[in-house]
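Counting in my numbering, the sequence shown runs from 20 upward without gaps.
Derived by calculation from the structure, the hints in this document are not laboratory data. Zero decoy hints are in this set.
With a straight-line cut-off of 27 Å between C-alpha atoms, the simulated DSS-like cross-links for lysine-lysine are:
hint, residue 1, residue 2
1, 50, 93
2, 31, 85
3, 35, 24
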Amino acid sequence: MVFGKIYIGFTKDLEKRVEHHNLGLDNYTKKYLPWELIFYEAYLSEKDARKREIFLKSGRGRQVIKEQLKFSLK
20 MVFGKIYIGF
30 TKDLEKRVEH
40 HNLGLDNYTK
50 KYLPWELIFY
60 EAYLSEKDAR
70 KREIFLKSGR
80 GRQVIKEQLK
90 FSLK
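Produce the complete structure using the sequences and hints provided.
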C-alpha cells in the first residue's frame with residue numbers, strides 16, 4: 020500500500036471495477052495507481068451491499084477495516 024489509501028465501493032463486476040481504477044479512468048483513484056485488491060465482501064442483496072458500503076465509509080467503518088486488515092495494510 021504505497022499511498023496508504025483504502026478504496027471502498029459497490030460494484031456488480033469487481034474485476035472490471037479494479038481494471039477501471041488501474042487504467043486511470045477515475046479522477047480520484049488515478050492519483051494512487053496501481054490499486055491492489057486485498058479484500059472484498061459479496062452480498063446477494065444490493066440493498067444489503069449498499070448499507071454495508073455506507074457503514075464502511077463512515078469513521079467507525081474505516082476503523083473496522085483497518086483493524087480487520089492490519090497485517091495486510093502494512
